[in-house]
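Colleague: Listed below, chain by chain, are the residues.
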Amino acid sequence: MNPLELTLGIMTAVGGFVDISELVFAAKAGSMFGYALIWVFFVATVGIMVFGEMSGRVAAVARQPVFNLMRHRLGLKLGLVTLFASLVSTLITCAAEIGGMGLILNYLTGLPYLVLAALSGLVLMASMWILPFKWIERTYGLLGLLMIVFAVSLVAIDPPWDRLAGGFVPQVPHGLSTKELLAFAYFTVAILSAVMFPYESYFYSSGGIEEQWGPKDLLTNRVTTTIGFGLGSLLAVSILASSAQLFGPANVGPEIPGSAALEAAIPFGPTGLLLALLGMLFAVAGAAVETCMANAYAIAQFFGWEWGRHKKPWEAPRFTIAWIALFLLALLIVMTGIEVMSLVEYAVLFSIVVLPLTYLPLMLLAGDKGFMREYANKWLAKGLGWLFFAVVTAAAIAAIPLYLLTSGGQG
Amino acid sequence: MLRLRILLPLLLLAGCSKGPGADLQYIKQARSLGAEWALVNEQANKGQVTKTYAASMHQWLRDNLQTTQSSLTQPDSRYGSEIHALLAQPDDAAPDELRSHVEVLKHIEDGLESA
Chain A
1 MNPLELTLGI
11 MTAVGGFVDI
21 SELVFAAKAG
31 SMFGYALIWV
41 FFVATVGIMV
51 FGEMSGRVAA
61 VARQPVFNLM
71 RHRLGLKLGL
81 VTLFASLVST
91 LITCAAEIGG
101 MGLILNYLTG
111 LPYLVLAALS
121 GLVLMASMWI
131 LPFKWIERTY
141 GLLGLLMIVF
151 AVSLVAIDPP
161 WDRLAGGFVP
171 QVPHGLSTKE
181 LLAFAYFTVA
191 ILSAVMFPYE
201 SYFYSSGGIE
211 EQWGPKDLLT
221 NRVTTTIGFG
231 LGSLLAVSIL
241 ASSAQLFGPA
251 NVGPEIPGSA
261 ALEAAIPFGP
271 TGLLLALLGM
281 LFAVAGAAVE
291 TCMANAYAIA
301 QFFGWEWGRH
311 KKPWEAPRFT
321 IAWIALFLLA
331 LLIVMTGIEV
341 MSLVEYAVLF
351 SIVVLPLTYL
361 PLMLLAGDKG
371 FMREYANKWL
381 AKGLGWLFFA
391 VVTAAAIAAI
401 PLYLLTSGGQ
411 G
Chain B
1 MLRLRILLPL
11 LLLAGCSKGP
21 GADLQYIKQA
31 RSLGAEWALV
41 NEQANKGQVT
51 KTYAASMHQW
61 LRDNLQTTQS
71 SLTQPDSRYG
81 SEIHALLAQP
91 DDAAPDELRS
101 HVEVLKHIED
111 GLESA
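Residue numbers (the working numbering), protein chains in the order written: chain A, 1 to 411; chain B, 1 to 115.
Read the hints as simulated data drawn from the structure, not as lab findings.
It is possible that part of the hints are untrue.
Said to hold, decoys possible - Quick look at which bits of chain B chain A covers, simulated, 3 or more residues with Cβ under 8 Å:
no., region
1, 21-31
2, 37-51
3, 59-72
Glycine included, every Cβ here is placed at the ideal spot set by N, Cα and C.
Let the hints inform the model, and build the full structure from the sequences given.
Modeller: What follows is the structure in structure tokens.
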């Protein structure tokens with residue numbers, strides 16, 4: 001294991017962890033419920049660690065990407081349903097990320113939002129065409145580390161640390177009305193979905209295959225998913241906690257993604273604001289690339305096409321056309337003028353519905369000794385896998401009714 | 001089946017109702033947008049944010065407030081007037097002035113929630 005590679009891998013995972021949905025829901029959750037939803041981030045992060053590790057292990061040992069497995073394990077019909085649902089959810093997520101980039105660039109430059117969103121899309125496509133896989137992932141992941149300014153800002157505003165630590169304990173706040181309880185439940189489901197987005201495991205496992213992982217890389221996989229995702233999640237928790245401290249008491253329930261940047265501006269002025277906006281920009285750009293590629297991977301793997309960014313674009317022509325078409329489609333959605341906040345909500349809703357169908361075949365294969373030999377799931381991975389499968393299934397059933405009953409978390 | 005019987009009317013109610021109850025979500029949005037506006041102006045006055053950021057935020061906050069206002073089922077209500085008054089403020093309005101409207105909206109919101 002090369003220590004430099006490992007460090008870079010962890011840093012990339014940290015910088016690439018937060019996306020537009022986590023930004024939005026962390027800030028809103030903190031302002032509405034104080035520290036009471038931190039535990040949901042903690043639980044969901046353990047969930048994505050479990051499934052991320054599994055998908056990386058399957059990629060390294062069985063050399064099978066998630067969507068290839070899905071077709072074999074779920075059968076053609078259910079596989080197609082899952083493919084379609086995940087394409088829709090990931091496409092909406094991609095559109096939300098591109099729209100988010102346009103918004104953040106608008107806060108930075110003041111130029112028209114739609115022009116900036118279109119430019120962002122084109123720059124991302126060019127970077128995907130030019131850069132090799134490893135550098136696509138690393139460029140955005142490492143620049144996304146500027147988001148650390150949110151953690152530093154939290155320390156600077158010195159919140160009540162005992163109350164913040166108490167937020168890691170699963171809880172439902174006392175004295176909430178029925179409407180507030182429903183809103184709390186909606187936020188619980190939305191945060192689970194935002195942290196455990198299905199595209200993350202598609203992208204991560206396909207990336208493992210792109211980088212030709214083998215059993216020797218299993219330790220790297222485990223360390224990256226646990227430490228990298230864990231530290232990345234702390235950034236989201238920092239946003240939530242700063243919001244609880246700064247926004248909640250001021251009656252602000254951030255309705256605009258740019259409000260989160262105020263968390264760094266309040267203690268550090270324009271420098272903090274700039275670092276926060278740039279960190280958000282690169283984190284969201286990384287997520288836009290990941291979502292687009294995850295969709296192209298899904299289609300190519302499902303239909304057995306040649307795929308991979310390690311190949312020249314013309315060596316995998318249908319895969320190349322797929323990611324370009326998907327990017328343009330996401331851009332088209334943004335150009336309709338639909339609000340980014342609405343896209344974020346739809347992305348989270350669609351994704352939670354797809355999650356059980358994504359993780360079940362993965363878990364079955366990771367536990368199959370015929371495929372995985374001595375690397376098959378042991379008792380801990382098996383237990384946690386089933387536990388989180390039950391959690392995401394319950395969340396998937398509750399998501400749409402909760403969205404309607406709370407008007408998208410407004411209570 | 002029993003759950004469906006309970007859930008369906010609730011979902012229908014959520015989708016079809018009118019009046020202050022139905023407007024509650026917009027009142028909350030407007031209250032929050034007004035408070036965000038006040039916070040942005042407060043930080044701008046202290047020199048903590050760039051002029052470009054403040055100007056962009058003003059534009060988005062105003063757009064969102066206008067959308068919220070146009071979504072109200074009772075625009076002639078007291079909360080409708082407060083949202084209208086908020087929108088009449090200049091971009092660089094004093095934070096305290098904006099917060100006075102936020103307080104009124106919060107009061108209305110709390111009253112509706114406890115009803």
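Colleague: Report the numbers of all earlier hints that the structure fails to satisfy, in ascending order.
Modeller: none
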